[in-house]
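Student: Start from the sequences, fold in the hints, and give me the full structure.
The lines below spell out each chain.
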Amino acid sequence: MRQILSIATTTVGEAIRRRVLLIILLIGVLFLVVAPGLGVLSARSETVVLRGMMLGIIQLTSAVIAIVLTVYMIPNEIERRTIYTILSKPVQRWQFLIGKYLGAVFSLGLMMALMTAVLVFVFWLQASDQSLAAVGAMVKAPTMYFVQMSLLAAVAIFFSTFVAPLVNFFLTGGMYLLGSLFNPFFQTLQENQGTHPVTKAFAGIVNTILPNFANYNVQNPIINPTQVIQNESRYYLEVTFYGLFYIGILLVAGILIFDRREV
Amino acid sequence: MAAAIETKQLTKSYKSRAAGNINVVDNLDLHVEEGEIFGFLGPNGAGKTTTIKMLLGIIYPTSGEGFVLGKEIGDMAVHRLISYLPERPYYYEHMTGLELLKFYGSLFGIYDEAKYRALLEKVNLHRDMTKTISQYSKGMQQRVGLAQSLLNDPKLLFLDEPTGGLDPIAHREIRDLILSFRDEGRTVFISSHELSEVELICDRVAIINKGIIERQGKLTELLHGGRIEITVGGVDEAFLKGLNIPDSNIRGLPVGVLMDMPEEQDPNGIIDAVRNRKGTVISVVPRRKRLEDLFVETVTNPALGGKPSVPPAVAEEIVK
Numbered sequence: 000m001r002q003i004l005s006i007a008t009t010t011v012g013e014a015i016r017r018r019v020l021l022i023i024l025l026i027g028v029l030f031l032v033v034a035p036g037l038g039v040l041s042a043r044s045e046t047v048v049l050r051g052m053m054l055g056i057i058q059l060t061s062a063v064i065a066i067v068l069t070v071y072m073i074p075n076e077i078e079r080r081t082i083y084t085i086l087s088k089p090v091q092r093w094q095f096l097i098g099k100y101l102g103a104v105f106s107l108g109l110m111m112a113l114m115t116a117v118l119v120f121v122f123w124l125q126a127s128d129q130s131l132a133a134v135g136a137m138v139k140a141p142t143m144y145f146v147q148m149s150l151l152a153a154v155a156i157f158f159s160t161f162v163a164p165l166v167n168f169f170l171t172g173g174m175y176l177l178g179s180l181f182n183p184f185f186q187t188l189q190e191n192q193g194t195h196p197v198t199k200a201f202a203g204i205v206n207t208i209l210p211n212f213a214n215y216n217v218q219n220p221i222i223n224p225t226q227v228i229q230n231e232s233r234y235y236l237e238v239t240f241y242g243l244f245y246i247g248i249l250l251v252a253g254i255l256i257f258d259r260r261e262v
Numbered sequence: 000m001a002a003a004i005e006t007k008q009l010t011k012s013y014k015s016r017a018a019g020n021i022n023v024v025d026n027l028d029l030h031v032e033e034g035e036i037f038g039f040l041g042p043n044g045a046g047k048t049t050t051i052k053m054l055l056g057i058i059y060p061t062s063g064e065g066f067v068l069g070k071e072i073g074d075m076a077v078h079r080l081i082s083y084l085p086e087r088p089y090y091y092e093h094m095t096g097l098e099l100l101k102f103y104g105s106l107f108g109i110y111d112e113a114k115y116r117a118l119l120e121k122v123n124l125h126r127d128m129t130k131t132i133s134q135y136s137k138g139m140q141q142r143v144g145l146a147q148s149l150l151n152d153p154k155l156l157f158l159d160e161p162t163g164g165l166d167p168i169a170h171r172e173i174r175d176l177i178l179s180f181r182d183e184g185r186t187v188f189i190s191s192h193e194l195s196e197v198e199l200i201c202d203r204v205a206i207i208n209k210g211i212i213e214r215q216g217k218l219t220e221l222l223h224g225g226r227i228e229i230t231v232g233g234v235d236e237a238f239l240k241g242l243n244i245p246d247s248n249i250r251g252l253p254v255g256v257l258m259d260m261p262e263e264q265d266p267n268g269i270i271d272a273v274r275n276r277k278g279t280v281i282s283v284v285p286r287r288k289r290l291e292d293l294f295v296e297t298v299t300n301p302a303l304g305g306k307p308s309v310p311p312a313v314a315e316e317i318v319k
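Quick note, the sequences are listed as chains A and B, same order.
Heads up: the first sequence at position 154 corresponds to 153 in numbering that gives the first Met the number 0, and the numbers run straight through without jumps.
Heads up: the second sequence at position 147 corresponds to 146 in numbering that gives the first Met the number 0, and the numbers run straight through without jumps.
Heads up, a few of these hints could be off.
[Unchecked claim] Derived DEER-like restraints, expressed as beta-carbon distance ranges:
#1 D28(B) / F240(A): 49 to 59 angstroms
#2 T131(B) / L243(A): 35 to 45 angstroms
#3 R16(A) / H125(B): 22 to 32 angstroms
#4 H125(B) / E78(A): 57 to 67 angstroms
#5 G224(B) / V251(A): 51 to 61 angstroms
Everything labelled a hint here was simulated from the structure, so no lab data went into it.
No residue lacks a Cβ here, since even glycine has one placed at the ideal position from N, Cα and C.
Tutor: Structure follows, in structure tokens:
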């Protein structure tokens, strides 16, 4: 366990100093700060637009950070030969991979926490309802986004055990888009009574293989209080466990590949 | 003496579309004894780093077997007793020298600040321990690498080109450190191109070329075959020829006569004979065979291992 924690801590130290990540984070924070100014351009209720825009900024920025942070993680260690000094110590490959993943998730958490703090502060300044409950409700979406980004990081770590960073960038990005946009479509196909059995089976397979990133897009009830998630706490717990289960599968698959890989 | 490293027909092959199966390391039989400094030499691409990686369990052999400190390669228990300094190492640049040792120490469960400081003092970095690695020179990075390799008090150290690209002062510092490892009873396995360095510090060497061990043994035995040059005055060439020294060459010089002969021959007999003849001994110069000569001879000689090796010009370049 100490090896995993040491590797994770070092990964966080490295990640929070990576300029490219800090620039992406800075751009995200800047957009969050100027978002209230952009809200007046919309004809819709300012608060609705502001909430939607700010949550969108956090989600997009976090997704870019998650992908950029993780696709280079393992290849960089191999290219710079830092992996050799680590693996020549009493460190198993699975410990190394898990340590790197946890480090990536901690780093993501830190960066997302910063953006969420800015979101809460800006929202608090702008909102008419400044109650703790109203502000607290805004934090639900970034919390779910964090689970989503942890899942995205696991996808990237899995691919990084056997493909080059550039290919990984497109594969992970593609999976994210497909899992966010098309998974609900395949889910509907699978559940629809009128769907042909073959189509249903195909939709079922795709729906199972493809991580359902859309599960975590919980911004609608926050943006628009007239929409509600039935049994909200249970839903959040279920999708969190779904994410953890999927992350577990991806990490085990990644470990099995990485264990046999020549580095 | 027990073997620190023992390999039996250790082979690593890679598939190539153009050439089929390529044996990067081919039936390697290596024997390194405990407590010695062992030089592992070879031109670029000879299979040195691949061999080290296999011994460390970082890559897997295609066939054959290997034992490090009596355990099969890849055994995690051995990783507590060995250490590795890679060629041109890179460390996390945001860390200070002290933080770097803390990180590597934590991988062993060593949380001893006094030990970290003592190691940094040993490699002469105690005044720079709070500087970040990005502020370290190449030599300092190499020294902090050596410090991290000593954290677990290793019985066996693998050093891949430990003096590569360093200035003469850093060379000397690293060389002295390596010699101190032997005094401490550690086994050191060095892969290097710096033949003069290896010749100074190694007890035994192996020369690998194209994945095959061409020579292996004690340096004193491998460098056997040197010659002695004796220059004398007051006697002629015929007198020296009359001494009937086998495998000797005699030729006249402006200052006298020069005889060169195998180093096994006792020069004292010749010196006495010249003096008895009222001649003078001008000089006696042993011409030792150098490791560089052996290396070039090995990697350029097609008769050794039956393979034409790198062109002589390339081999000379490597030696330089």
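Student: Which earlier hints turn out false for this structure, listed by number in ascending order?
Tutor: 4
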